[in-house]
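First residue of the sequence shown: 7, per our numbering; consecutive thereafter.
Quick caveat, the hints were computed from the structure, so don't treat them as lab data. Keep in mind the model is a prediction, meaning the values are calculated, not measured. The reader is advised that the hints may include incorrect statements.
To be verified - Okay, the calculated beta carbon distance ranges per label pair:
#: 1; residue 1: Ala114; residue 2: Glu211; range: 42 to 48 Å
#: 2; residue 1: Glu113; residue 2: Asp183; range: 25 to 31 Å
#: 3; residue 1: Glu90; residue 2: Gln213; range: 39 to 45 Å
#: 4; residue 1: Lys150; residue 2: Asn107; range: 25 to 31 Å
#: 5; residue 1: Ile208; residue 2: Lys43; range: 16 to 22 Å
#: 6; residue 1: Glu211; residue 2: Glu90; range: 29 to 35 Å
Said to hold, decoys possible - Derived lysine-lysine pairs resembling DSS-like cross-links, with alpha carbons at most 30 Å apart:
#: 7; residue 1: Lys218; residue 2: Lys201
#: 8; residue 1: Lys53; residue 2: Lys38
#: 9; residue 1: Lys56; residue 2: Lys103
#: 10; residue 1: Lys43; residue 2: Lys56
#: 11; residue 1: Lys201; residue 2: Lys150
Backbone N, C-alpha and C define an ideal beta-carbon position, used for all residues, glycine too.
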Amino acid sequence: MEKYKLAIIDRPFEIPKLMKGDKMFGSRRVLKPHSGKTELAKERLRKASKIMVNNGANAVDLTQVLGGYGAETLHMYSFFNSVEHAFQVSASLQNDKAWGNLMAEREAAPAADMTGPELARVVAGEGNPDHNAAMVREYVLPRKNLAEAAAMVSTVPDMLAGHDVNVTMWAPVIAEDMKRAQVVYSAPDMVAIGKAIDEVGISAEFQEMLVKASNLGTLDRACGMVRFE
């Protein structure tokens with residue numbers, strides 16, 4: 007792990023803020039909590055996030071889906087500089103006693119059903135680590151259209167001028183569905199996202215772009231999520 011600078015963890019634990027360029031690759035784990043077990047599932051994710059950062063991940067975001075596809079699921083996003091970096095962290099986790107104990111606890115008394123991890127890369131935009139809410143739109147997108155779609159997403163920030171809303175596009179690297187790309191609109195909170203939708207999302211210019219986007223891929227999933235600590 008010497009190739010990558012590890013985060014220095016003080017107590018009480020705090021997820022480190024990212025610098026620009028740190029979020030080139032991200033992994034996602036999705037948990038569907040069992041009835042009455044949401045808080046236990048969240049607590050285990052908090053423990054997992056600490057262990058991930060201690061083993062070299064740049065940062066970890068924990069989110070809960072409020073509505074849309076996967077409503078009420080919990081997500082853990084871990085961020086890396088490269089695929090090699092992601093795999094080094096994964097290898098380190100396998101030898102981490104705290105990680106092993108957490109996995110054993112999860113097996114002995116499950117609180118949620120988990121899928122993932124899956125790995126994706128940024129193909130447009132840069133994330134904003136200070137944002138706490140996101141609207142995610144998933145497209146079934148042929149790989150041959152990926153570059154054109156990414157170029158289109160890169161024009162969105164100009165349309166959102168005056169709104170504290172950030173946009174990124176992610177393409178799969180290792181995933182169950184390799185044709186599914188994500189466009190993520192993030193903001194300080196869901197209210198800011200709602201305002202941007204009202205003032206920009208329904209504008210003629212934005213709707214024209216969405217029509218062009220529909221020729222590149224099919225939008226078939228969308229959700230809204232917020233970060234939890």
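Would you check the hint for Lys43 and Lys56, treating anything up to 30 Å between C-alpha atoms as holding?
Since the Cα atoms of Lys43 and Lys56 sit roughly 21 Å apart, the hinted pair holds (cutoff 30 Å).
Starting from Lys201, check that the Cα of Lys150 is at most 30 Å away, please.
Not OK: Lys201 and Lys150 at ~34 Å, beyond 30 Å, violated.
Verify the proposed pairing of Lys56 with Lys103, using a straight-line Cα cut of 30 Å.
Measuring from Cα to Cα gives roughly 13 Å; hence the hint holds.
30 Å Cα cutoff - pair Lys218, Lys201
23 Å, holds
I want to verify a distance hint. Is the separation of the beta carbons of Glu90 and Gln213 within 39 to 45 Å?
41 Å, holds
In this structure, is the beta-carbon distance linking Glu211 and Glu90 contained in 29 to 35 Å?
Taking Cβ atoms as reference, Glu211 and Glu90 lie about 40 Å apart, which means the hint is violated.
Take the C-beta atom of Ala114 and the C-beta atom of Glu211, compute their distance, and say whether it sits inside 42 to 48 Å.
54 Å, violated
Hint says 25 to 31 Å; check whether the CB-CB distance for Glu113 and Asp183 agrees.
Holds: the Cβ-Cβ distance is about 27 Å, inside 25 to 31 Å.
Is Lys53 close enough to Lys38, meaning Cα to Cα at most 30 Å?
17 Å, holds
Quick check on a hinted range of 25 to 31 Å for Lys150 and Asn107, using CB atoms only.
Given about 46 Å between the Cβ atoms, the range is violated.
With 16 to 22 Å as the target window, see if Ile208 and Lys43 comply at their CB atoms.
For Ile208 and Lys43 the Cβ distance comes to about 39 Å; the hint is violated.
In this structure, the hints that do not hold are numbers 1, 4, 5, 6 and 11, in rising order.
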